[in-house]
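*Asks:* Chains A and B are the protein sequences, given in the same order. Start counting the first sequence at 8; every next residue gets the next number (my numbering). Start counting the second sequence at 35; every next residue gets the next number (my numbering).
Derived from the structure by calculation, the hints contain no laboratory data. What you are looking at is a predicted structure, and each value in this text was computed from that prediction instead of being measured. Hints should not be assumed to be uniformly reliable.
[Stated by the list, open to error] Restricting the straight-line Cα-Cα distance to at most 25 angstroms, the calculated cross-link-like pairs of lysine-lysine (DSS-like) are:
| hint | chain 1 | residue 1 | chain 2 | residue 2 |
| --- | --- | --- | --- | --- |
| 1 | B | Lys133 | A | Lys61 |
| 2 | B | Lys109 | A | Lys61 |
| 3 | A | Lys59 | B | Lys418 |
[Stated by the list, open to error] Now the in silico label distances, taken between C-beta atoms and shown as ranges:
| hint | chain 1 | residue 1 | chain 2 | residue 2 | range |
| --- | --- | --- | --- | --- | --- |
| 4 | B | Trp228 | A | Val27 | 43 to 49 angstroms |
| 5 | B | Ile754 | A | Ile11 | 55 to 61 angstroms |
| 6 | A | Phe38 | B | Glu83 | 48 to 54 angstroms |
| 7 | A | Pro52 | B | Trp228 | 49 to 55 angstroms |
| 8 | B | Gln80 | A | Phe38 | 23 to 29 angstroms |
| 9 | A | Val42 | B | Phe666 | 42 to 48 angstroms |
Every residue, glycine too, gets a C-beta built ideally from N, C-alpha and C.
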Amino acid sequence: MQVIPFLIIVGLVVAGGFLVAFFWALNDGQFDDDVTPALRVPDAPKTNSETKDKLETKK
Amino acid sequence: MSEESCPTSLNSDRRNSGKHKYDTLSGIAKWEYLDRDDFYDKYVRQVEEGGLVQFFIPGIGCASCVSLLERLPEKNSAVIRSEVNFANKQLTVTFDKNKLPLSQLAAWLEELGYTPEFQEKTTDEKKTSRRSLIARLAVAGFAFGNIMLLAFSDYLGGEDFDLSGFKDVFGPISLFLSIPVVLYSGSVYFKSAWNALRAGVLNIDVPVALGIATLFIRSTMDVVQNGGMGYFDSLAGLVFFLLIGKWYQTKTYDDLNYERDYKSWFPINVMKQNADDSLSSTPISDLSTGDIIRIHHGEIVPADALLLSGIGLLDKSFTTGESNPEEINEGEEIEAGGRQLGGAIVLRVVRPVEQSQLTSLWNSEAFSKNSDRSIKDPIDRISKHFTLAVLLIAFGTLLFWLYKDSSIAWQAFTSTLIVACPCALALSLPFTYGSVLRLLGREGAYLKNTMVVERMARVEHLVFDKTGTLTPSKDFELEFDYFEKSFVSKQMKSAISTLANQSAHPMSRAIVRFWTGSTYEATEFSEKVGAGVEGTIGEFKIQIGSEKWIGAQGIYPDTISKTDGDFQISYVFVKVNDKHAGRFSFAKPIREGVDEELKALKEFYSLHLLSGDSNSEREIFGKWFDDNAMHFEQTPEEKRKYISAIQNQKGTPLVAMVGDGLNDAAALKSSDLGVAVVDDLYAFSPSSDLILDARSLKKWGGMMQFARAAQNTVYILFGISFLYNAIGLSFAIQGLLTPVIAAILMPISSMTVVGVALLRTRITWSGLLKN
């Protein structure tokens with residue numbers, strides 16, 4: 008049972024890591040527009056090679 | 035916006051038919067001013083890859099619009115990136131200005147069917163405040179979840195389980211997790227309460243801030259002194275739920291910006307004639323008295339100006355509501371805001387944009403909403419008194435116990451504050467009215483803020499404008515009866531349309547729209563006012579006019595101007611080369627469904643009609659309006675006075691003005707509820723409280739009923755909230771309130787309030803939709 012406080016700390020650290028990841032996503036602008044990405048689905052690349060091409064042209 | 039009207043689907047039709055339709059100044063010329071350095075700098079931000087510009091494109095309507103616009107880089111290598119924000123109808127483009135000037139980019143977008151508008155305000159601060167709210171919400175949620183997990187042990191711990199060791203750890207951990215909740219997430223409330231107190235007011239955030247602070251301090255003391263767990267779970271939960279309410283509210287308001295800049299009504303630039311007679315595109319804000327400008331067909335006169343040459347024919351329908359254009363002679367002054375029909379005219383600016391008549395009318399102190407009449411939000415009043423009462427009870431309890439048995443004193447004080455926390459109050463408004471705003475928005479009614487719901491619920495008088503509100507502003511129903519079908523050829527139709535094109539009479543304009551393709555120039559043209567027009571187009575000698583003038587008595591069946599139901603039908607006859615060709619029938623109907631709506635509204639409200647048009651339609655409208663409640667040929671000032679007169683009646687009833695047109699802007703502002711009826715949501719938003727899609731006008735009664743139901747919902751929620759508070763307080767002031775009960779009561783009351791709010795709103799809404 009003594010391990011519980013330790014596990015809690017570990018749990019908090021992991022959860023904290025997710026919180027940090029959330030902030031990163033937030034600052035990256037992923038939460039700015041939650042409507043348009045849904046509309047882009049039909050245009051999404053359908054195969055892996057399409058994805059590769061799309062990523063390359065984006066560069 | 036339906037898919038049928040989406041430019042992308044129209045585009046394919048256009049490509050197939052080979053037709054191109056350009057308005058007024060076509061192509062590049064209209065956008066030339068964008069290449070000037072000062073404009074470019076105003077709109078374009080320099081980033082690494084090139085210039086970044088943001089457009090507002092009302093034409094964006096569906097997913098295929100998104101798809102098309104985001105493919106611009108594929109079509110032109112000068113465009114590096116193109117991103118659509120669908121909710122705000124914005125397009126953000128990164129481009130290389132050397133390869134593609136901004137003017138060409140804009141012209142290209144227009145050609146595609148997505149005419150861009152430029153917004154002078156950047157929305158960066160909106161973005162950061164939005165992100166900051168989400169960040170605070172995330173922190174509060176994170177803390178809430180984790181603290182709750184730890185708190186379970188405290189709730190559920192039985193006797194045979196020795197938790198003392200853990201409390202020493204869980205307490206400090208909870209405290210640690212709560213610090214960011216108080217200092218970061220909850221800081222909004224502290225700032226708001228502080229500002230209110232500095233202004234000497236008690237707002238709803240004051241007890242909230244006090245509650246948060248007290249919870250935190252008391253819990254900290256509990257942990258530090260008694261080795262307990264404190265109430266950090268309640269604290270984090272409280273802040274979390276409050277922020278959800280705030281986020282929901284912000285999301286609802288995001289959709290529409292109401293305070294549209296008046297200048298965006300006008301073309302941002304005009305053709306200015308320079309000293310050397312050359313023409314240059316000039317922004318209207320740069321116009322000064324004495325400047326010579328050219329206004330083309332269809333353009334709006336941007337400033338009060340003197341007519342130097344050309345025929346002035348001004349459509350003032352959105353300033354006076356009068357659909358018949360006004361003729362202006364050379365040497366006379368033209369007011370800003372009219373739309374020029376007919377040829378190009380040359381004007382000299384008399385008064386720059388700031389001072390022109392309409393802006394001063396609009397900005398006039400006399401027309402800003404009279405603050406005496408602003409509804410003292412009853413909920414605001416209640417919460418003010420409530421706050422005061424709670425504070426009094428809390429401090430009273432504190433003093434009482436300090437005197438009687440000081441060990442209980444602080445417990446009684448803080449638990450009183452906690453349990454009486456009007457968080458339920460704070461939540462009931464945003465959740466209820468936020469739902470109302472969203473649901474109404476789906477039905478085509480867009481409210482400025484939650485206070486509008488209150489006003490909607492309490493209005494007693496409805497004042498309607500006629501043209502553009504009860505009747506559509508453009509779509510005359512037009513039909514053509516052939517005298518002999520084979521006589522009228524396609525070229526003849528174009529010729530007839532061309533002849534009509536010379537005239538500015540609204541019926542002529544309707545004919546031009548009806549039969550497009552006027553290609554011939556008129557070699558002769560004369561208009562006989564009140565009779566008709568005649569002229570020669572190519573090989574045709576055409577006359578369009580009244581029955582008497584054309585000599586068409588008795589030739590066509592039923593050729594009497596008649597009233598058919600709710601329409602007034604009038605006829606105009608056509609003769610080509612002295613032979614009868616046919617007749618046009620015009621019907622100006624009331625908007626669909628509105629006649630029934632008016633009938634229904636008459637039962638509950640006092641209805642009034644104010645119109646800038648002539649008296650001719652008094653009889654038709656007598657069906658729904660009392661004769662003494664109808665007034666025609668009204669000027670904006672008269673409309674405003676009329677509304678004031680009603681407001682000053684006994685009982686100071688609330689008056690709603692339902693109107694259209696900039697001229698109604700003054701009346702809209704002076705009324706207690708200004709409703710702007712629009713056909714095209716983005717082309718028109720004057721300063722009003724509510725923007726109503728014209729197609730939803732027939733649902734107006736139901737919407738007001740819904741607002742009333744929402745107001746009742748809020749009162750019910752207050753009742754529930756008070757109930758919780760009463761029960762809790764009765765325990766708290768006796769010092770009997772244990773932390774568990776306080777902890778349980780608060781989130782339960784919040785959740786009950788939210789649940790009832792959403793549930794009742796949905797039920798009343800679906801009940802109303804069924805009618």
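*Asks:* With reference to the structure, classify each hint as holding or not holding.
*Replies:* Verification of the hints:
1. B/Lys133 <-> A/Lys61: holds (23 angstroms)
2. B/Lys109 <-> A/Lys61: Holds. B/Lys109 to A/Lys61 sits at ~15 angstroms (cutoff 25 angstroms).
3. A/Lys59 <-> B/Lys418: violated (61 angstroms)
4. B/Trp228 <-> A/Val27: 43 to 49 angstroms: violated (30 angstroms)
5. B/Ile754 <-> A/Ile11: 55 to 61 angstroms: violated (39 angstroms)
6. A/Phe38 <-> B/Glu83: 48 to 54 angstroms: This hint is violated: roughly 24 angstroms between Cβ atoms.
7. A/Pro52 <-> B/Trp228: 49 to 55 angstroms: holds (52 angstroms)
8. B/Gln80 <-> A/Phe38: 23 to 29 angstroms: With a Cβ separation near 26 angstroms, B/Gln80 and A/Phe38 satisfy 23 to 29 angstroms, so the hint holds.
9. A/Val42 <-> B/Phe666: 42 to 48 angstroms: Taking Cβ atoms as reference, A/Val42 and B/Phe666 lie about 45 angstroms apart, which means the hint holds.
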